[in-house]
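Asks: Sequence:
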Amino acid sequence: MDKILEALVSSSHSVPVKKAIVKKVVEAAEKEVTAEQCQALYTLTTRLIFLGEDSFQKQVGFQVLEAYARYHRADFELFFSKNFVLGLLQQGYGPLDRKDPAVVDYIHGCLRLLISCPSVLDIFSIIQTEILRMVCERPEPALCACLATMLSDFVQCIPREKAAILFCQQLVRTIGYFHCPASQERELREYVDQVTKVSTLLQNIWKAEPVTLLPSLQEVFAIISSTDPSFDPSIALASLVQHIPLQMITVLIKSLTTDQNVKDTSMTQALCRMIDWLSWPLAHHVEMWVIALLKGLAAVQKFTILIDVTLLKIELVFNRLWYPIVRQGALVVLSHMLLSFQHSPEAFHLVVPHIVDLVQSLKQDGLPTSKAFLLHFTELVHCMMYQYSGFPDLYDDILEAIKELPGPGEEKIKLVLNQSAWTSQSNSFASGLLRLPGKSETGKTGLINLGNTCYMNSIIQTLFSATDFRRHVLSLRLNDATANTLMKKLQLLFTFLSHTQRAAYAPRVFFEASRPPWFNAGSQQDCSEYLRFLLDRLHEEEKTIQVLMTAKPNVSPGNGPSDNTGGETSAKDAGVSPVAPVEGKSEGNDERTLIERMFGGRLSTGIRCMTCNSVSEKEEPFTDLSLAFCPSSPLQTEGPSEEPRGPCQGAVNGGSEAPEIGPSPKPVTASTTGVHFVPGSSEPPLSVPDLVDYFLAPEILDKENAYFCQKCGSLQRAERGMRVVAAPEYLILTLLRFSYDAKCHVRRKILDNVTIPPLMRLPVHAPPPKHSSSSSSPPSSPLQVDSPESSENLAKKLKPSQREEEETGLEGDNGMAGGENEVGVWPAAQFVPYVLSSVVMHSGMSSESGHYYSYGRNLNGADGAQHHLANPLALGEEPGNGQTEPIALTCSGATHPKQEVEVYGSQAAGDWLLFNDSRVTFTSLGSVQNVTNRFPKDTAYVLIYRKQDVTGGQNSTGGVTANGMRLGSEPPLQKELMDAVTKDNKLFLQEQELNARTRALQAASASCSFRPNGPDDNEPPGSCGPSGGGGGGGFNTVNRLVF
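All residue numbers for the sequence shown refer to the numbering used here, where the first residue is 1 and numbers rise by one.
By construction, these hints were calculated from the structure, which means they are not laboratory data.
One or more of the hints may lead you astray.
To be verified - In silico lysine-lysine, DSS-like type, Cα no more than 27 Å apart, as pairs: (1) K3 - K23; (2) K403 - K363; (3) K743 - K937.
What the hints assert, rightly or not - Distance ranges between label pairs, derived from CB positions: (4) F231 - K3: 49 to 55 Å; (5) Q990 - S230: 28 to 34 Å; (6) R160 - K412: 43 to 49 Å; (7) K703 - E512: 44 to 50 Å; (8) D365 - E315: 17 to 23 Å; (9) R189 - D105: 41 to 47 Å.
As the structure is a prediction and not an experimental result, all values here were calculated from the model.
We put the CB at the ideal spot given by N, CA and C, even for glycine.
Sequences are here, hints too, so could you generate the full structure?
Replies: Below, the structure written as structure tokens:
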């Protein structure tokens, strides 16, 4: 039979004839055949299978062999012995090499025919040994695929126990040597299919014997972390990732990143090669493992690796976005790499040139998934341009390409950036010991206490929370001539607070530059005095530069850009770029400084002689109002209160830098009680509008405080009143909480709880026309020093008694309340709405010790206008008629609590932040208003309210432009400032990495101690020193305090 078959296949007969004869031969297998004939047929068919000239001969060999082996199994057992199999695996078949896939396929087919025979067990044993040897020889993908197919069908051939571990490791390494030189799609598909078969085999082994998984993964890492330049591992290793259980990610990454035996060069290589895996078409979860390793490295502060790898591979990852089959995973990795690389724009700018082309391609390719993908990609681009603004030359084309696509809101962008930073505490791979001292969940930066500097920290955070002021400061174009000015240092400090990756920044340079000369370093000081000094310095600096530049109109200092034409001089040439004008003035005509524009208001003081009715008026600027407590309050401390210097503090207001405090010219006659708060008191609590009303209330000058009337030529009884004639953009209110106890000769703190309304309205009067009977002084300039008569402002404002009110009523209509005989003829007050922006709290029982912290909320004009429109009644309007209530001179808060809750109850708790030195936490408006109820020694001290647009239109500063930039959003960061932040961020990452290495991978503790995990609703916010007081400092210099 073998002779017939051999002659047939080599004959010249047609294929149909040959097939018919072969069929007869196959049917003959059912008949009785001698053992010799069977052996001859097995030998012939084997030779046809291995050495057949064409596919027909190979096919005939398989058919005949299968037929005779099925009916004559005993004879086939003798033929297909273990020695025969061993010879095939070790020597091949004739000219056929042992590494030819045909050998494995032949053995695989024969095993199917012997599966029920006892002798197959011996063959399994032989195969177990031989395939391990074969894998160690790094076979080609085709042979490995054949082995994988055979082992998948016959798991008995897979090595066991320790040999199984070795087999998996060697098979993994073999995959690492795979390469596909083919360029045709068919060949590529075949190669991918081969790799998939091998990876599936490993998956099955890992499931059957879990002990083999970890050694296999260790081998994977050993391969990809190799620094041998002659060895480039195959990306086919990516096919294994999808078979690793996802629940092992955290454990494996922590083990890997904390292994001190792994060198940085090896880790860098491993991460780079894992990123290369994104090119593997059918692998799943690769992006998850790449991001896990990136986060793991950030958790142990190995930022050098992250920086190097990002810059090296970011363009490759971006290029993967062009291929739909790997696009989605590549975008996930690209997003993480860019969003976490927040210390420098370098990585983002590497891919910027390719963005427009990709966007246009996605718009045109017509794939159903491209639209959704484009939306996600656009969000990423918006986030990065927000993070690294200030490059219009790079971003203009991008903005044009994506202008029709929706972008994320600013709050969402901030949230994404905060959660994505390397130093983010949301990193799940950072355990308790490995957690970075990164920013809090608020995304805001704290300020390190440099030694009783909480007074400065609270003021800086308060000014930083003043959105329009912050944006104007950051938008100033300051040239080299202003490098050493305080405004330049404030701009740099605001830049760091906005863009640093540090959890808390140490403002040492700004502290030394802004500390008043009479402030001792390391001692506690009054935050309100510091605020006035700071605003005064900034104002004086800008005024001085303006004067100098006016004297030298043709000189442009430094190397800064000049916009002069025709010899024209501007503030920008002096090193300070003009900011947006206030109250409708054009930029060219408004010569006020930034401080005047943001915080400057004007107050008119009028004194009317009650004998001749002549009026003396004086108008002066102010940057804050110092609000005394009414002496009739039952909650007042013993002894007469120290009085304010007047409404105008600091040189901006016409005062001195170091005010001298003296007793009131007229003592308080009202009875007072002790210092302690009376819980059971039926008196309603004071409110901020009450204190403003008391500040603006008329007072009687009599007896030793009698007024010298120039018309009468003698001391006369007079009435004095004050009116706000120009409302500031930011209204600063200081509550005078420290009083002098005449009995004990000490200064005590007034612990009265003052209600803080979120909305308030301030009566503002237009200046009255001048009368012939008036002896009005000309309005003072912002830099004018007070005349001796200004000392009258120190007098306590005494509300007239009932008898005096009756007498006054006979002389005029309501005295100062708006009649014909009042101080001047004033139009009806216009109520200007203000919304609460920030509050500085003082925690302590006395003026000699304590701690400052602040609450702040980002707020611009547009925000407040929305509140106003939503709740007109809260601003003093009658429903339906649009007229103000008939309250001539009183300041009022929200008069309709239900509507106030409706407006402010809708805002998220995250709108308010608690700044406590290094610590920044989310809080709520309710916490701000109720902190004194919870902690009686914590009282509001300095408040800032933001003026709102009554018309609902553009705010006077929030909607205009400065330096060609709309202030409705954060200004783009100038190159000089960005370079400074980038340099410091790199330094910070290097510091963290060094600390992690030198402290056995324990993250550096926070630079300033605070109570961790202590919400402000459950305990006081803290103090400057360990004893809850001043930390040895205290308000130790009484005459430095401003009361």
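Asks: Now tell me, hint by hint, if it's right for this structure.
Replies: Here is how each hint holds up against the structure:
1. K3 - K23: Roughly 16 Å separates the two Cα atoms, so the pair holds.
2. K403 - K363: Since the Cα atoms of K403 and K363 sit roughly 13 Å apart, the hinted pair holds (cutoff 27 Å).
3. K743 - K937: 23 Å, holds
4. F231 - K3: 49 to 55 Å: 54 Å, holds
5. Q990 - S230: 28 to 34 Å: For Q990 and S230 the Cβ distance comes to about 33 Å; the hint holds.
6. R160 - K412: 43 to 49 Å: Taking Cβ atoms as reference, R160 and K412 lie about 55 Å apart, which means the hint is violated.
7. K703 - E512: 44 to 50 Å: Distance hint for K703, E512 holds at roughly 49 Å.
8. D365 - E315: 17 to 23 Å: 21 Å, holds
9. R189 - D105: 41 to 47 Å: 20 Å, violated
Against the hints set out earlier in the document, violations occur for numbers 6 and 9.
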